[in-house]
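Construct all of the structure, not just a fragment, from the sequences and the given hints.
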Amino acid sequence: MTYKPVPLPPGPAPGPAKPDQRGSENLLGDTVVTSTAEALINWGRRNSLWPFPFGTACCAIEFMGTVSSMHDLSRFGAELVRFSPRQADVIIIAGTITYKQAPILRQIYDQMCEPKWVISAGACATSGGFYDCYCTVPGIDEIIPVDIYIAGCPPRPEAFLEAIVQLQKKVDRETLRVSQALGTEPRRDRIAVGA
Amino acid sequence: MSAHAVPAADPSAAHREPIKAGLDAAALEKILVEQFSAKRDTRDRWNLTLIVARDRLRDAVRHLRDDAALRFNQLLDVAGIDYLAYPGHRGARYAVTYLFKSTVFRHRLALKVELDEDDAVVATLSDLFPIADWAERETWDQIGIVFSGHPNLKRLLNHHEFVGHPLRKDYPCQKRQKLSVNDPMIDQLEGVLLAQGWQVLDRGATGNGIPPGAPGTSLAGPGSESQPAPTGSNTGAPR
Amino acid sequence: MKALSPAGELVELMTINVGPSHPATHGALRAHCALDGETIIAAACEMGYLHRGFEKMIEQGTYQMVLPYTDRLNYCSAMMNNIAFCKAVERMFGVTVPERCVRVRVVLLELSRIIDHLVCVCANLVDLGALTNFWYFFNVREEVYKIWEKLCGARLTNTVTRIGGMYRDVYPAFADDVLAVLPLVESAVAEVRGLVEKNRIFIDRTKDIGVVTADQAIAWGWTGPCLRASGVDRDLRKDEPYYGYDEYTFDTVIGQTGDTYDRIMVRMIEMLESASICRQALAKLKPGPINTSDARLSLPSRSQVYHDMEALINSFKLIYEGVRPPAGECYDALEAANGELGFLIVSDGGTNPYRIKVRPPCFTQWAAFGPMMQGAMLSDVAAALGSINIIAGELDR
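Respectively, the protein sequence lines represent chains A, B and C. In case it helps, our numbering puts the first sequence at residues 15 to 209. In case it helps, our numbering puts the second sequence at residues 2 to 240. In case it helps, our numbering puts the third sequence at residues 61 to 457.
Careful: at least some of the hints might be erroneous.
Derived Cβ-Cβ restraints for the label pairs, each shown as a range [unchecked claim]:
1. A:SER98 x B:PRO88: 48 to 56 Å
2. C:SER439 x A:GLY91: 27 to 35 Å
3. A:CYS127 x C:PRO243: 41 to 49 Å
Honestly, the hints are just simulated from the structure, not real lab data. Here a beta-carbon is modelled for each residue, glycine too, at the ideal position from N, C-alpha and C.
Printed below as a string of structure tokens:
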């Protein structure tokens with residue numbers, strides 16, 4: 015039995031556009047890409063997340079490892095570490111939060127501009143970890159809303175990268191209506207990554 | 002020495018001499034027992050720990066620091082211990098252990114002061130060793146020992162709204178205490194300024210509107226009102 | 061704030077908080093400064109933002125359960141804390157660990173000292189704007205992490221020692237891996253020294269900044285590299301040798317003036333000395349048991365547990381109850397990367413520690429920071445703070 019190639023369907027006929035095909039795509043050809051405003055803005059936000067590393071303890075050292083050249087956070091567009099909350103999109107809580115630290119964390123979160131996201135890195139930030147005592151906050155979601163939880167004590171750099179990837183997917187799903195809800199905190203769907 | 006060695010003509014060459022052999026435990030014990038009526042700690046098995054009466058502590062420490070044959074010139078740590086739950090313990094509830102070390106001689110020593118529950122006060126060493134300032138603040142914070150004469154006995158590790166002393170055996174481990182507002186720390190800053198001869202006229206915005214010297218915002222001088230009352234063991238201890 | 065200077069001038073002082081969240085405060089520290097122009101007139105320092113109840117938590121469990129907590133004291137060199145704690149408890153038992161264990165511990169101690177100094181120096185240089193060195197040093201640190209992972213699976217918080225020995229013997233290629241990493245350390249140090257040592261900007265920002273004289277450093281109770289940078293030749297490895305440090309030839313590195321430059325350079329050169337100690341210890345590493353045979357501390361082998369009733373009971377008691385050091389109080393210290401790391405252990409003869417007081421080396425350095433910064437410029441805070449290497453985990457416990 016001989017093989018017969020399946021004929022390809024005929025392509026669009028070359029030549030000028032027909033007069034009844036209107037719309038900007040047909041008028042401008044390949045020179046312009048059109049999209050929705052939402053997709054365009056999310057594309058920009060997703061690929062240039064500027065993190066604020068709120069590093070208090072061991073997890074901050076692993077975050078340094080994530081930024082360093084072996085793991086290289088800049089592959090995901092998030093290497094531009096900002097230490098001013100006003101310039102940051104995502105705050106990474108890396109380390110134990112104590113009650114002495116809690117008002118500071120809240121203040122810094124409030125100083126960040128919308129849209130903003132929160133990554134809770136490691137066991138201590140997520141649940142207090144094995145420091146279950148008089149001075150530690152049992153999970154930062156008592157203080158601020160959290161988008162991504164990373165497991166581990168401390169999490170490996172791969173887990174930090176996974177958190178950034180998951181956050182990018184989440185940013186893509188957001189609508190402008192939610193992220194523009196100034197004054198009220200938008201509803202968050204929570205994601206857990208890591209071991 | 003390595004690349005950073007200094008020529009021997011340097012006036013601080015004494016700091017680069019090898020450490021000298023120090024006194025052994027028996028000799029140290031003899032000095033402190035004879036001169037300061039110290040006694041050997043019964044729990045002492047590995048380190049030389051001597052118990053001194055609290056009114057002899059400062060004399061003993063000054064002698065240890067300044068005597069040419071002793072030169073205990075480093076206070077390593079101040080550790081408060083609460084013996085409330087210690088099996089079979091009869092005696093004072095608290096103890097403060099001071100760990101000393103010398104950079105001249107190879108010897109170490111621990112001095113211990115025993116303090117009763119209703120009178121947990123001991124004289125400060127912060128004028129003899131600058132590091133004692135913070136170490137005593139930590140001991141006050143964690144165990145609740147009052148150091149009389151301390152310039153600014155504030156909490157160090159816990160926040161300023163914390164009540165009680167967590168390392169006491171009767172403080173429940175999981176008893177959490179929240180903080181509402183951070184310490185503006187203006188009193189500490191003014192304390193440093195005052196010590197250098199400055200005079201604060203107006204606190205401005207950083208003082209949260211509190212005029213200088215207002216009650217409860219003491220300028221942290223010696224004997225000021227930030228000093229807790231000497232009935233230290235009852236200040237905020239949870240029962 | 062308005063204030064009268066000692067000379068009687070009316071000065072408008074600006075108060076500014078460096079920290080608790082500031083790029084130069086690695087961890088959470090706070091220095092409240094009063095400024096006249098850019099000059100610091102007074103600085104009040106604060107700590108405790110990472111006080112997570114170490115000393116209370118470890119009273120709740122057994123001695124073995126303390127080990128994971130010690131990892132998180134100085135998390136830049138977790139193994140040093142493990143070994144320091146185990147050494148203190150072993151001293152209470154009067155147990156000496158086998159020679160192989162001692163050699164392995166020395167290698168781990170010195171490698172930990174190297175990676176601790178790597179983080180300290182590279183973070184300090186980042187604060188000064190020299191970002192390239194961060195990449196160079198962190199690459200080496202990642203190589204050491206690979207050894208740690210082969211050793212125990214964890215990168216940062218290892219819990220690799222046990223009271224009376226190690227979690228297990230090192231893997232067969234351990235010595236080869238360490239010997240392969242040491243040249244990387246040396247070349248990275250050479251590269252970074254080449255970049256900064258004679259760099260005009262670096263020298264201007266670190267020379268005569270944050271000077272602490274020898275007498276001041278001693279009075280403040282400083283130990284370790286910061287004390288040595290001030291010109292005091294004191295190192296517990298030389299002065300009170302433990303783990304056979306007197307068998308190794310190495311130099312203590314001392315500085316001249318005790319400024320930020322000296323503190324950075326002392327750490328740089330100490331890394332080379334540590335690499336040399338690692339090589340000497342590996343050369344003396346011989347096969348043998350890694351754990352003590354003392355039945356109070358070490359688990360019996362599996363075959364003994366399966367065939368011998370006493371061994372089964374002992375294994376059961378060690379795991380369910382834990383070790384019981386004799387009652388008494390013991391202080392033991394070793395030369396950690398930052399200085400003298402000591403543990404004062406109060407035992408009541410039971411399975412749980414009655415009280416453990418940690419003597420964290422950077423406590424003394426942070427306590428001295430306020431007086432150290434008086435009269436300096438605000439921009440010097442970042443340079444000097446990085447050089448005294450404050451690790452919040454052990455500072456606040």
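Status of each hint after checking the structure:
1. For A:SER98 and B:PRO88, the hinted distance range of 48 to 56 Å is satisfied, since their beta carbons lie about 55 Å from each other.
2. Taken as a hint, the range 27 to 35 Å holds for the pair C:SER439 and A:GLY91, whose Cβ atoms sit roughly 31 Å apart.
3. For A:CYS127 paired with C:PRO243, a C-beta distance near 47 Å keeps the hint of 41 to 49 Å intact.
Going through the hint list in order, the structure satisfies each hint without exception.
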